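2 protein chains.
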Amino acid sequence: MNTKSGLLEPLESLSMTDRVENSLREFFTENAFKPGDPLPNEQEIAQRLNVSRNVVREALSRLRMLGMIETRPRRGMVMAQPDPLASIEKVLNPLILSQSSLNDIFELRLILEMGIADFLFARKTAKALDELELIVEKQKKLPLLSKEDEIEFHGKLYDMTGNETFQRFQSLLFPVFEHVFTSLSKPGGHAVIKDPVSHYDLFKILKEGTSEEFQQAMRIHLSVYYNTIKA
Amino acid sequence: MNTKSGLLEPLESLSMTDRVENSLREFFTENAFKPGDPLPNEQEIAQRLNVSRNVVREALSRLRMLGMIETRPRRGMVMAQPDPLASIEKVLNPLILSQSSLNDIFELRLILEMGIADFLFARKTAKALDELELIVEKQKKLPLLSKEDEIEFHGKLYDMTGNETFQRFQSLLFPVFEHVFTSLSKPGGHAVIKDPVSHYDLFKILKEGTSEEFQQAMRIHLSVYYNTIKA
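First to last, the protein sequences are chains A and B.
For the first sequence, full-length UniProt numbering assigns the number 1 to the initial residue and increments by one for each residue that follows.
For the second sequence, full-length UniProt numbering assigns the number 1 to the initial residue and increments by one for each residue that follows.
Note that these hints are calculated values from the structure, not bench results.
Any given hint could turn out to be false.
When chains are identical, the list treats them as one kind, so a pair holds in a single copy or across two.
Heads up, simulated SDA-like pairs for lysine to any residue below, C-alpha to C-alpha not over 25 Å straight-line [stated by the list, open to error]:
id: 1; residue 1: K34; residue 2: I220
id: 2; residue 1: K207; residue 2: N227
id: 3; residue 1: K141; residue 2: P73
id: 4; residue 1: K204; residue 2: M77
id: 5; residue 1: K90; residue 2: Y226
id: 6; residue 1: K147; residue 2: L49
id: 7; residue 1: K138; residue 2: M16
id: 8; residue 1: K124; residue 2: T29
id: 9; residue 1: K90; residue 2: L49
id: 10; residue 1: K140; residue 2: L92
id: 11; residue 1: K34; residue 2: L172
id: 12; residue 1: K147; residue 2: T29
id: 13; residue 1: K90; residue 2: M16
id: 14; residue 1: K207; residue 2: N22
id: 15; residue 1: K147; residue 2: E26
id: 16; residue 1: K204; residue 2: F33
id: 17; residue 1: K90; residue 2: D37
id: 18; residue 1: K34; residue 2: S100
id: 19; residue 1: K90; residue 2: S15
id: 20; residue 1: K124; residue 2: R64
id: 21; residue 1: K34; residue 2: A217
id: 22; residue 1: K90; residue 2: P35
id: 23; residue 1: K156; residue 2: Y226
id: 24; residue 1: K90; residue 2: Q216
id: 25; residue 1: K90; residue 2: S13
id: 26; residue 1: K124; residue 2: M77
Since this is a predicted model, take the numbers as computed values, not measurements.
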């Protein structure tokens, strides 16, 4: 195990726990550990790195939180299969992210929303289209769409990509997106304009049109957000 | 401070450290803490939650890793401004992610690549286009593009979105993307076909065309990847 950090962090800012954590992640990569592989225990790691067990325990606790390791009954500590989005979820608190991170995330959602057209057309099924139709038919009768209506329609599109990570990622970004949009809107909220392209229109194109048409319609549908983007 | 988890995790799987970590994050949110705000110290937290200081130290170490808290000289522990991508970076080891996470991430990169057209057109500058031109002119003379050439061209596009989080996110996804693509390709690598839409073509459209044209060209440019996608 070597203690060089592969992450180009300024060395002076690294605590002993940071260094042990980095060493462990490098150790995993260099030895090509796969999920289920047994790992050395806390005491062995402390001895090999010549650090205190408290420091090792803290570093292991971090890796456990990331889902990289887990302890199994009668097997001890093993390599695990991390959920790549679990940790980002923990920090997406709009109150503590920087304004530039918040703006970036706002845009990221627009980028993703525009980028899914080809996946929707590759994976749409009659069943999913029927479910989407129920949503848009219901929404057509409403004078105004609430935040929940928006989430219901766009969430259904995310489902239809068949990409679970994308789906969860968009759901994670949504509160940040709303936070930024609200702060960008004029006091009293943005004017309620009739959508030039409605959810119903998007549904019809997804059912009968092409990926290109869908993208163009989505661009217009999202224009109220695009208009807030600075060059 | 309450110890209910807001995350809908099965309660029995939560360790004491998990519970203290969740309590702390809820405490931050409910009290609307902002970066720089002073936090109670380890001993106070241990007393209020009625748990051992070791457990609190571990939970704080996790939050420190996520960039949510930091210790400042003469000020003690304060709320910090997390980098939303720092922790996802730590787990993007292709050897330990599940095959479905890897496939999802592969697709996520395609979604993002297709979604940036409007941002590129909104933010392109003469200077950035000149820099991109140097890259594509150089690449036009090469018989074959390497992985590095691909990263150079697409990386420059990511720069041009003006979205730093997106830029870093794509860079993080790239190794996973390559890993999946290599594993999907036939043994001996995929056939080297002449790109029907080259980097040079994309550059010309970005300089003189429209966002719609760019998206259509990018779809063809990425078709070797799109063809691997299952319905």
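*Would you pick out the hints that fail for this structure and give their numbers low to high?*
1, 3, 4, 5, 6, 7, 8, 10, 14, 16, 20, 21, 24 and 26
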